[in-house]
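These protein sequence lines are chains A and B, in that order. Just so you know, we're using our numbering here: the first sequence kicks off at 1 and counts up by one. Just so you know, we're using our numbering here: the second sequence kicks off at 456 and counts up by one.
Honestly, I wouldn't trust all of these hints.
Said to hold, decoys possible - Label pairs and their in silico Cβ distance ranges:
hint: 1; chain 1: A; residue 1: GLU280; chain 2: B; residue 2: ALA740; range: 34 to 42 Å
hint: 2; chain 1: B; residue 1: LYS807; chain 2: A; residue 2: LYS408; range: 41 to 49 Å
hint: 3; chain 1: A; residue 1: LYS3; chain 2: B; residue 2: LYS807; range: 51 to 59 Å
hint: 4; chain 1: A; residue 1: GLU280; chain 2: B; residue 2: LYS799; range: 17 to 25 Å
hint: 5; chain 1: B; residue 1: GLU726; chain 2: A; residue 2: GLY312; range: 28 to 36 Å
hint: 6; chain 1: A; residue 1: ASP270; chain 2: B; residue 2: ASP692; range: 51 to 59 Å
hint: 7; chain 1: B; residue 1: GLY741; chain 2: A; residue 2: GLU279; range: 39 to 47 Å
hint: 8; chain 1: A; residue 1: ASP270; chain 2: B; residue 2: GLU621; range: 58 to 66 Å
hint: 9; chain 1: A; residue 1: HIS275; chain 2: B; residue 2: GLU726; range: 51 to 59 Å
Stated by the list, open to error - In silico lysine-lysine, DSBU-like type, Cα no more than 35 Å apart, as pairs:
hint: 10; chain 1: B; residue 1: LYS490; chain 2: B; residue 2: LYS458
hint: 11; chain 1: A; residue 1: LYS357; chain 2: B; residue 2: LYS729
hint: 12; chain 1: B; residue 1: LYS729; chain 2: A; residue 2: LYS355
Since the hints were derived computationally from the structure, they do not count as laboratory data. None of these values were measured; they are calculated from a predicted model. Built from N, CA and C at the ideal position, the CB exists for glycine as well.
Number of protein chains: 2
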Amino acid sequence: MDKIQEFVESNIDRFIDEMKDFLRYESISTLPEKKEDMQKCAEFAAEKMRKAGLENVKIFQTEGHPVVFGEKIKSKDAPTLLIYGHYDVQPVDPIELWHSNPFEPVIKDGKIWARGATDDKGQVFMHVKSIETLNATEGELPLNVKFIIEGEEEIGSPHLAPFLEEYKEMLACDVVLVSDTALYAPMLPTLTYGLRGLCYMEVEVTGPRRDLHSGTFGGAVANPINILAQMIAKMHDSQGRVAIPGFYDDVVELTQTERDNLAKLEFNEDEYKKHLDVEELQGEAGYSVIERTGARPTLDCNGIWGGFQGEGAKTVIPSKASAKISMRLVANQNPEKIGELFEKFVKSIAPKSVKVKVSSVHGGEPCLVPLGSKAVEAAATALSKAFGKETVYQREGGSIPIVADFKKILGADTVLMGLGLNTENLHSPDEHFDLNHFKLGVISSAYFMQEFAKL
Amino acid sequence: MDKIQEFVESNIDRFIDEMKDFLRYESISTLPEKKEDMQKCAEFAAEKMRKAGLENVKIFQTEGHPVVFGEKIKSKDAPTLLIYGHYDVQPVDPIELWHSNPFEPVIKDGKIWARGATDDKGQVFMHVKSIETLNATEGELPLNVKFIIEGEEEIGSPHLAPFLEEYKEMLACDVVLVSDTALYAPMLPTLTYGLRGLCYMEVEVTGPRRDLHSGTFGGAVANPINILAQMIAKMHDSQGRVAIPGFYDDVVELTQTERDNLAKLEFNEDEYKKHLDVEELQGEAGYSVIERTGARPTLDCNGIWGGFQGEGAKTVIPSKASAKISMRLVANQNPEKIGELFEKFVKSIAPKSVKVKVSSVHGGEPCLVPLGSKAVEAAATALSKAFGKETVYQREGGSIPIVADFKKILGADTVLMGLGLNTENLHSPDEHFDLNHFKLGVISSAYFMQEFAKL
Numbered sequence: 001m002d003k004i005q006e007f008v009e010s011n012i013d014r015f016i017d018e019m020k021d022f023l024r025y026e027s028i029s030t031l032p033e034k035k036e037d038m039q040k041c042a043e044f045a046a047e048k049m050r051k052a053g054l055e056n057v058k059i060f061q062t063e064g065h066p067v068v069f070g071e072k073i074k075s076k077d078a079p080t081l082l083i084y085g086h087y088d089v090q091p092v093d094p095i096e097l098w099h100s101n102p103f104e105p106v107i108k109d110g111k112i113w114a115r116g117a118t119d120d121k122g123q124v125f126m127h128v129k130s131i132e133t134l135n136a137t138e139g140e141l142p143l144n145v146k147f148i149i150e151g152e153e154e155i156g157s158p159h160l161a162p163f164l165e166e167y168k169e170m171l172a173c174d175v176v177l178v179s180d181t182a183l184y185a186p187m188l189p190t191l192t193y194g195l196r197g198l199c200y201m202e203v204e205v206t207g208p209r210r211d212l213h214s215g216t217f218g219g220a221v222a223n224p225i226n227i228l229a230q231m232i233a234k235m236h237d238s239q240g241r242v243a244i245p246g247f248y249d250d251v252v253e254l255t256q257t258e259r260d261n262l263a264k265l266e267f268n269e270d271e272y273k274k275h276l277d278v279e280e281l282q283g284e285a286g287y288s289v290i291e292r293t294g295a296r297p298t299l300d301c302n303g304i305w306g307g308f309q310g311e312g313a314k315t316v317i318p319s320k321a322s323a324k325i326s327m328r329l330v331a332n333q334n335p336e337k338i339g340e341l342f343e344k345f346v347k348s349i350a351p352k353s354v355k356v357k358v359s360s361v362h363g364g365e366p367c368l369v370p371l372g373s374k375a376v377e378a379a380a381t382a383l384s385k386a387f388g389k390e391t392v393y394q395r396e397g398g399s400i401p402i403v404a405d406f407k408k409i410l411g412a413d414t415v416l417m418g419l420g421l422n423t424e425n426l427h428s429p430d431e432h433f434d435l436n437h438f439k440l441g442v443i444s445s446a447y448f449m450q451e452f453a454k455l
Numbered sequence: 456m457d458k459i460q461e462f463v464e465s466n467i468d469r470f471i472d473e474m475k476d477f478l479r480y481e482s483i484s485t486l487p488e489k490k491e492d493m494q495k496c497a498e499f500a501a502e503k504m505r506k507a508g509l510e511n512v513k514i515f516q517t518e519g520h521p522v523v524f525g526e527k528i529k530s531k532d533a534p535t536l537l538i539y540g541h542y543d544v545q546p547v548d549p550i551e552l553w554h555s556n557p558f559e560p561v562i563k564d565g566k567i568w569a570r571g572a573t574d575d576k577g578q579v580f581m582h583v584k585s586i587e588t589l590n591a592t593e594g595e596l597p598l599n600v601k602f603i604i605e606g607e608e609e610i611g612s613p614h615l616a617p618f619l620e621e622y623k624e625m626l627a628c629d630v631v632l633v634s635d636t637a638l639y640a641p642m643l644p645t646l647t648y649g650l651r652g653l654c655y656m657e658v659e660v661t662g663p664r665r666d667l668h669s670g671t672f673g674g675a676v677a678n679p680i681n682i683l684a685q686m687i688a689k690m691h692d693s694q695g696r697v698a699i700p701g702f703y704d705d706v707v708e709l710t711q712t713e714r715d716n717l718a719k720l721e722f723n724e725d726e727y728k729k730h731l732d733v734e735e736l737q738g739e740a741g742y743s744v745i746e747r748t749g750a751r752p753t754l755d756c757n758g759i760w761g762g763f764q765g766e767g768a769k770t771v772i773p774s775k776a777s778a779k780i781s782m783r784l785v786a787n788q789n790p791e792k793i794g795e796l797f798e799k800f801v802k803s804i805a806p807k808s809v810k811v812k813v814s815s816v817h818g819g820e821p822c823l824v825p826l827g828s829k830a831v832e833a834a835a836t837a838l839s840k841a842f843g844k845e846t847v848y849q850r851e852g853g854s855i856p857i858v859a860d861f862k863k864i865l866g867a868d869t870v871l872m873g874l875g876l877n878t879e880n881l882h883s884p885d886e887h888f889d890l891n892h893f894k895l896g897v898i899s900s901a902y903f904m905q906e907f908a909k910l
């Protein structure tokens, strides 16, 4: 056992007690009545950052909830790490499904149960404690560290990009470290090196100006639901590929190394199907499920509506039908460009018998930190050392839009060293966080700083 | 001017006053609080039937609202006519859009404005008055007349078929006369000799057992909305025909005479498109709009829903997506058989990656009274004589399910001698009925009895 491991082992109970205090704040960013809880939670985080040995700790007010900042600069020549996390949490509804008070943490089965345990208070707290550990064991940090904890991640980080812009110099860094993702499996050190982006569109098809009687008009006019369905059907080809012309033009194909890495991840298709209660999976031909969900772009309808949705029969030809359709993107697809291709395609396949309105709802860029980069190497080494096991590599299918902002505004890649599990009920009742992962996360974070400083 | 026309002319103001009284009853069958109004309205109708010279007038209680019956039997050898109409009306919402009280009839611009004016109190009242007219002018009716006015048409006539079954003998007849449809154009004598049937289905597609995050699972599982859309897209071929195997097998094709008749109906496609605000019409290739809406079967989605329908972006792959899909049928398609073909087809095109539930919501048989039949000839002659113009023939695209019941239970064809107009706001605010059509309707009804008795 090295000094870091020793220190963490002998202080872990105190770390957990402090984490419990952190989890007691009802920091639900979306509820206006929790504004004071948000402020107090930020103050708590600031206090813990100070105690860990960070300097210039400050709470920055934004137009929304505050951002906590702290730093410790070793020297001009040392590399600079920016750690990011968030102290805000999701609402707790439906509260009746919780087995304990979401804001009174409980330890059970080696896990800590509370809202925010895994997303993201527990995870961001690992880094506060790794800084404390390095300061305690080495007397200093091996590199320059900057640390921000924001309070609006669960509502889409509306004020983070402006904050990054405004304090660009203060936040200048070589790499960003975020722990807000999941391990591939319990006790399996996992490095996430890619995230998918998003292009979320809405399509509205208008046929006749008002709802019509299907007896009187059926056969004469285009039915916007049928037309919308036909258009959606044309969005995929028979191989499960997205059929929008140009859609794959900018896609960075998986390298053989990546495919080999992903193939190493244990994946039990039967269990997966059983868990989802489906008889067959479905996706793009020529790729494994892991590749399809993490490293390939996709198109899904997220919602559809039109006409009569009640009980029984109403014989109407509706005037309008709409759908929400989103595409998950991979590097180097650009959400705006994909949105334009989508709109062009939809309009090109719409018959003259209807009017079509296409609008962009939301977008987010994909990210990919190249395997072999310094940051990825350092993180993999750190995790392997902490867990005593070879690190596996994964690409996550979801999006973390701020990662693109770090790249765009600060010019820095992000290492996603998440220690959560997808089964830990984030955003759901009975959220929890494995305490063993917490401990190894503190150690991994300390090791990462050492490894990255070396390279 | 013959005796009938003379009598009607000199009594028309009284007829209209009596019709006003009929329209004052708030006989909304779907509202439980109008039960007493329904009963009183039935009593009023019974009283008017008695005064017109009908015998054995009686109010039959049903499990719902009462049916009013009356008859006048001339002789065993005379042909028997059954007249059908309904005294119940649609609700009046949205009441704020009415320009006068829906239950206080107003005469304006040669029309009577009130709920039920054209659908169907005003129209059924024409027959009460034609019986009175014949009794007054001829001292008797030219044939046996039976007359029922029901109170549940607007809620789907749930107790009419049982009533027909129970009183099959009392209601035995050679032909049924119904005025609950529309003229093709104002002052154009029109005979409707066909109605479309209906097969109304619901399809539910289930993918994964619960809603999934489209980032984590997009690419791995079938999305029930996309699948449903693909299935709907397969329901039509490129020629606008319904692509369900066997769908057209039982269709009675239009005869050349019918096509010639229908081609005589004035149809202004530009006005029609302008009215609907569509740039192009759409339907089955090889048929005119009038043929497509009246004499050809069709398939339309009446409703669709699944996933997220709110504002903004929710990146969900929903567990379920559903659609209401109905088919308008023509003679001799059978709703049950078509429902089975539909279900079989839907299941045959559903991929294994989803589960599909198909259910039947509602059905109704099409009807077609052959051109050249006694009833059609008599009605055409009557209308031409009353209007002084050649009668045109049309097939209506909607369904009147009771017509099939008359055929099935009583073995009688129905003549649809409607005097309404589709522009008279039936089921909408400001319902009205053209008083000239009312007057000519009374005369046409009397002529019809004379003509049908002759043949």
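Here's how the hints hold up against the structure:
Checked against the given bound of 34 to 42 Å, the beta carbons of A:GLU280 and B:ALA740, roughly 36 Å apart, stay inside it. For B:LYS807 and A:LYS408, the Cβ-Cβ distance of about 43 Å falls inside the hinted range of 41 to 49 Å, so the restraint holds. Between A:LYS3 and B:LYS807, the C-beta spacing of about 57 Å keeps the proposed range 51 to 59 Å intact. Separated by about 21 Å at the C-beta atoms, A:GLU280 and B:LYS799 satisfy the suggested range of 17 to 25 Å.
Taking 28 to 36 Å as the suggested C-beta distance range, the pair B:GLU726 and A:GLY312 conforms, at roughly 34 Å. For A:ASP270 and B:ASP692, the Cβ-Cβ distance of about 39 Å falls outside the hinted range of 51 to 59 Å, so the restraint is violated. In this structure the supplied range 39 to 47 Å holds for B:GLY741 paired with A:GLU279, their Cβ-Cβ distance being about 41 Å. Take A:ASP270 and B:GLU621: their Cβ atoms lie about 59 Å apart, and the range 58 to 66 Å holds.
Against the hinted window of 51 to 59 Å, the Cβ-Cβ separation of A:HIS275 and B:GLU726 comes to about 58 Å, which satisfies the hint. With a C-alpha separation of about 41 Å, the suggested pairing of B:LYS490 with B:LYS458 is violated against the 35 Å cut-off. Restraint check for A:LYS357 and B:LYS729: the C-alpha separation of about 20 Å stays at or below 35 Å, so the hint holds. The hinted pair formed by B:LYS729 and A:LYS355 meets the criterion: a straight-line CA distance of about 14 Å does not exceed 35 Å.
In this structure, the earlier hints numbered 6 and 10 are contradicted, and the remaining ones agree with it.
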